[in-house]
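On the provided structure of chain A, position chains B and C as indicated by the hints.
Protein chains in written order, with my numbering: chain A, 1 to 582; chain B, 583 to 902; chain C, 903 to 1203.
Note that these hints are calculated values from the structure, not bench results. Remember, it's a predicted structure, so these values are computed and weren't measured experimentally. It cannot be assumed that every hint is accurate.
[Said to hold, decoys possible] Here chain B is said to cover these stretches of chain A; the calculated rule only asks that three of the stretch's residues, wherever they fall, bring their Cβ under 8 Å from a Cβ of chain B:
#1 84-93
#2 116-128
#3 145-159
#4 313-326
Every residue, glycine too, gets a C-beta built ideally from N, C-alpha and C.
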Amino acid sequence: MKRAFVFVSLLTIAVMLITSCAAPTPQVVEKVVTQVVEKSVEKVVEKQVVQTQVVEKQVEKQVVVTATPKPLAKDAKLSLNIFRVGDSWDPKNAYLPLIEKATGLTLFWQQIPSANYLEKRNVVMASGNYPDVINLGVAEVAFQQYYNDGLLLPLDDYLKKHPIIWNALPPEIWEALRQKDGKIYTIPRMSGIFPQTINYRRDWADALKIEQPKTLDEFRAFLQAVKDKDPGAIGKDKLIPFVPNRLSGGGGLALSWVEPVMTAFGTPWNAWILSPQDPNKIVYAATLPEFKDALVYLRNMMKDGLLDQTYLVSTERGLFKYYAGTVAATTDWPQFINLRREAIQNAYKDAKPALNYIPGLVGPKGVKGGPVITPNLRGDNQSMSLTISASPAQVEAFFKMLEWQWTDGYPLMTMGVEGKSFDVVNGLPKRRGRDAILKSDPQYDLYMLDRLWLVEPPKWFAFRPDTPSFADIPADEMTYVQGVLKDTVQNWVITSYAMNTNDKVILDNIADIQSKTEEFASKVILNPNLDVNAEYDAFLKALKQVKFDEVTAKVNELNKVKDVQAAWKAMQASFISAIETK
Amino acid sequence: MKVDAIPAIQSRQTRRAYGAISIWLRRAWKQRQLYLLFLPAAIFLIVFAYIPYTGLVMAFQDFSPRRGIFGSPWVGLEHFQYLFGRAGFFQILLNTVLISLYKLVFGMPIPIIFALLLNEIRWIAFRRVSQTLASFPHFLSWVVYGGLMVIFLAPGGAFANTLSALNLQDPRLLSTPATFRSVLVVTEILKEFGWSAIIYLAAITAIDPTLYEAAMVDGANRWQQMRHITLPAIRGVIVILFILHLGRILDAGFEQVFVMYNPSVYSVAEIIDTYVYRIGLVSGRFSLGTAVGVFKGVIGVILILSSNQVLKHLRMPTIW
Amino acid sequence: MRLFQRSTHPALRGHNSFADAIIYLILVLLTIASVVPIVHVLSVSFSNGNEAAQMGLMLWPKGFTIDSYLFVFKGPALLHAYGVTIFITVVGTTLNLLLTITAAYVLSRSDLPGRGVLTLFVVITMIFSAGIIPGYMLIRNLGLLDSVWAMILPGAVSAFNLILMRNFFEELPVAIIESARIDGASEFRILTQIVIPLSGPAIATIGLFYAVAHWNEFFRGIFYITDSTKWPLQVLLRSVVVMADLNELGMSNRDLYGQLTVNQLTIRAATVMAAVVPIAALYPFLQRYFVKGIVLGAEKG
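Chain A with its partners taken away, still in its complex shape (with noise of 0.2 Å):
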């Protein structure tokens, strides 16, 4: 009996003590520290400053390592607790420090898996214990609903005391930003233009003696020349002719990439766009009849072994398939066209692929389709929000930052260190490739730079030689894909007039309209045999379920034609200069 009553008081001691010893209070540290400085006092002068540096590298550790700082002392360094998506982290990388010391701040850099950011910035919202700055873009369901709880900060005062970040991009953009109360609460990540076209393989094409295919029915064409005659000697299982750049994904992902067919009848997936019969009216493209027209051409494809059977169904990334050297054409954004031949290249070392863009193909009944552009005018989700719980010290220091790091620190953040990440070439500095730097000083890696961004400015995602990321592309290559871009940007189709959704009935019953447009396209693609005419009609009926004609009336009330028209064509002017040849 008494060893029991020990066993069990010991086993509970035991456990308090554990958990009290977890974490380092700041009082054990701070005694520790100052133990540490006593004792330097009383040593020589060359030791004092051993020791002192002993102290400080103490001092930082242990700032680091806290995940949620504790109040620092008065005359400690300005600190910013920053909460962002993050794969690959690497804590010890070389660059964190310079860019401290360059900025005289001390940074926490919590940096979370990108498949897990949304539930982990949720917990920590809702707990009450906000980081200062974090990644929120305006587009977010979940930026109304911290905005509404009134957990983010303003930040029209300090824009105007920043000129720099101001006037990097145009009024509109930041006009598109305020919210209800007429204040900006978002630093957008302008991630540039990625328009969706259709990347094919031009030396099948030529080997085929077939032309660039300007409509519909050519493209079909050459797909099933491909699979005919396969030009590349691929074999006959592993050919596909075509393959959309995603299979799968949530929210429509799959089917948002073969918006070169589903633009051709006039019908985007997933837009809100005029209606044929009125253009003063906005309706949502999925209920026009030729919605189901499109359906139907790409279910045919599926039909005839035109289109990757696994479409809609499989959990592999399409574009890998591209890589895989076996397919003749996919949805692709043109900047990456290097990397996409590098990789073909690679899978069959003894092609010599050509890869060209089709901004657009026309439709059956003439509609000209395509291109679209993807990311939105208003920042990606990347962009960055400060919560209330930063103090106007460190959103003034958050400014300071962001301004260094597209001005005076805009060199380490893009090319690195000298000598460890870059060389200077003929007068040119020019990055090393990662491999290189991995092998020889792994702490410099610049994939670690992506991560160390407040927001990249508009100027780093310009197509552009002089561009880091794209500094790889052949002259050529660049050319011929500056003159796409253009071509893009003058003809793009505008796929939302629903610029702002911020009612709530809009973002109440939106995510189930798409869904329920989401399970009707996939039955009508992935079942031959599905009597079309009687599955849109009864998704038409499901959306009434999900109010959807109160949700097109306020989509019609917030958005005037005339003014998104007029933002769309401020932002092709700003795109435009951002393509320029140099």
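Structure of chains B and C alone, referenced to chain A:
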């Protein structure tokens, strides 16, 4: 003889009550060592399970992190009404329950049969190897295993190719609403049967060998032995597992469904968790997420308690 | 144990071989069905990236290369994560078993007053989960954020495993326990000297369940631990496999992985193998405990 009859009865009743309580207390005191042994686990459960339960009130509030739990306004059942009011919720609930039930009813026998069969063979090495290899799929996450199943079953995959070699048409199992739930059930069985069999194997090992000796002396063949010795011995484990799984019926397997389903089968395969996740229903809405959890918990408790009662009537060994 | 050793269990004497053959056949089929997925992942992990992308189901590596493993195991971070996970698994399982065995023993005693209430107390924790947000707040208030203990302590008692173990204890012969009590032994002594030695299979099973749960623990790592040097294995491995969207801006396979022989498919397969092999190897070692307690036999004499 007492003068006042009514006070006498009262005092007898209260005396009885006090008597009963004091008897109970005395019995408890006799067992005080046991309560002490239970204490460590109880402490952990209180700290890490019960204290967070106070957070469940968020489901009944319009929770804002700024105001915290004690400052957020009370909205009662509003979130539940919102959830149940969403179009198609009933279908989603039905899907969740049906998929769970199918998995339970069809999924429980396979590991049991596997354990019984393993128990029947004499070749020890074979038994160990088979046990071990069968447990491997459990260690793969559904992202990996489900992805593999999709590759296998998708058009153009090994399954379809085998069928066409036999001149059969591909039934398109992954995109046909009528077959998709079966795909979920069968793939889960294949993945987990080896691992689930462990607990039954452990129970079978605990059976006294002399029972078998006695049965053989009585002339019982192996099937009779199985019916009268082996099965009754693991009956307890089977029933307990059944009840416990029933309590989790609204958890129909988020990861599996999310990886393996596609929009053409939403109508039969969308479960509560995938719906909530996909629609982003709880993104930023902390109260709603908690409400879903409360709903699942309440249903789970009801099911466990009622199934326990029903099975008790059938004179099975139950949880209570 | 020799390769073809036969069991001497009395129940298996003199069985007819036709039924045996059927049974062996079924078992072989079931085993093959289980092994094929693992063989596929193993094959992909040793394959060349392009070959893997072109194939569907693979039963053998194509374009054999160990580059995927070299990539995954590069750098000390992974080994450190192994260390963290091993610590969590060993310490966690020990704690789990201590708590579960004691509590299950208590609940198995039918003469315990209030037993029903205590059982309910336990079972409720299995069904009701407060959700990730209150859990996070608790961990934060306890100061356990970013601590390894945040991975170990919250799941220290699993009601599911506790009820299973209670069930095992209930099946033990009551007579032995009763006689020990009459002899004046304390509950603690009964537990340690009688119940535990007789419960080899139960403890091995529940211990295995706990160990595997610790090894595979992922969500607690994501939510509670920010310092990536303290990441458990699963979290680190999942962050190694980069989402394709992020790498599209300016990274080729060569840039991303250092060579063109690997791609996301093979890297992912290698990370799966790196996570699964150590823990899957645990079960065979525990199979020796799936034998009856010898003490019982001795006491019968």
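Next on the checklist: How does the segment 313-326 of chain A fare against chain B when you require at least three residues with a CB closer than 8 Å, holds or violated?
Outcome noted: holds (count 4)
Checklist entry - Taking a Cβ-Cβ distance under 8 Å as contact, does the segment 84-93 of chain A have three or more residues in contact with chain B? => result Answer violated; 0 residues pass the 8 Å Cβ test.
Next on the checklist: If you count the residues of the segment 116-128 of chain A with a beta-carbon closer than 8 Å to a beta-carbon of chain B, do you get 3 or more?
Outcome noted: Our answer is that it holds, as 6 residues pass the Cβ test (under 8 Å) against chain B, meeting three.
Next on the checklist: When I compare C-beta atoms, does the segment 145-159 of chain A have three or more residues closer than 8 Å to chain B?
Outcome noted: holds (count 5)
Violated hint: 1 only; the structure is consistent with all others.
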